[in-house]
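Undergrad: Sequence:
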Amino acid sequence: MEQSIFTVKSNVCLAKGVYEMVLGGNGKSVTAPGQFINIKLDGFYLRRPISVCDWNDESITIIYKVVGKGTEYMATLEEGAQLDVLTGLGNGYDTSKSGDTALLIGGGAGVPPVYGLAKRLIAEGKKVKVILGFNTADEVFYEDNFKDIGAETFVTTVDGSHGIKGFVTNAFEAVGEYTHTYSCGPEPMLKAVYNASATSGQYSFEERMGCGFGACMGCSCKTKYGNKRICKDGPVLVKEEIIW
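Residue numbers (our numbering): 858 to 1101.
In silico PhoX-like cross-links for lysine-lysine, where the CA-CA straight-line distance does not exceed 20 Å:
1. Lys1004 to Lys984
2. Lys866 to Lys897
3. Lys1004 to Lys986
4. Lys1096 to Lys986
5. Lys954 to Lys1096
6. Lys986 to Lys954
7. Lys984 to Lys954
8. Lys1081 to Lys1096
9. Lys983 to Lys1004
10. Lys986 to Lys1022
11. Lys1079 to Lys1048
12. Lys983 to Lys954
13. Lys922 to Lys866
14. Lys897 to Lys922
15. Lys885 to Lys976
16. Lys954 to Lys976
17. Lys873 to Lys922
18. Lys897 to Lys926
19. Lys1048 to Lys1081
20. Lys1079 to Lys1096
21. Lys1089 to Lys1079
22. Lys926 to Lys873
23. Lys1048 to Lys1096
24. Lys986 to Lys976
25. Lys1004 to Lys976
26. Lys885 to Lys1089
27. Lys1085 to Lys1048
28. Lys1096 to Lys1085
29. Lys1089 to Lys897
30. Lys866 to Lys885
Think of the hints as simulated: they come from the structure by calculation, not from any bench. This one's a predicted model, so the numbers in the text were calculated from it and none came from an experiment.
Taking the hints into account, I'd like the entire structure generated from these sequences.
TA: Put into structure tokens, the structure is as follows:
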């Protein structure tokens, strides 16, 4: 974990209520896709944990959905604004477990970390298939971004206004064979993927956090191997240890 000051380089709306923010600063502490950062916002007591979408040595890209006062405030930040950020948090995904063909599944706000994971896997020479799940067409984002990096991409919308109608599991038949599953999204989606997936996998959980680095124990959950802190021991858990 590292604490440093980042500068907002851009903050743009991608879809209904969804924003992409590029933060200029030291991104070297991010070492694995699926890690997150924790942002201090003026006037708010708790930091806001946001998954890392993409990164390099000089910047970190995040995508967030406006769901409360904290993210409403973030959407107002303009280029040049400075933020106190904790980086390199969480365990991230293990790409060594992917096999030859990885299936990546992101639902809504769970799409961003899957993008960084797709880039890493493709750079390692793996074949990547991606399912992106949304409620409606006006919430869809990053579909072209995934296609541009070479991922075979499927989109589902609950109302059928774009792509395959239904939930992410409705796209499994179209996907075909795969060797490992990676997923991030709301818990009902993760449970559905868990039940539908034919392989082992890694699941990134969303949880309310106090500190974000394991001190407060506020995000602890039970697993088959004892209690784990989502912020430090997670957010990624392997399929074999999950208790629903």
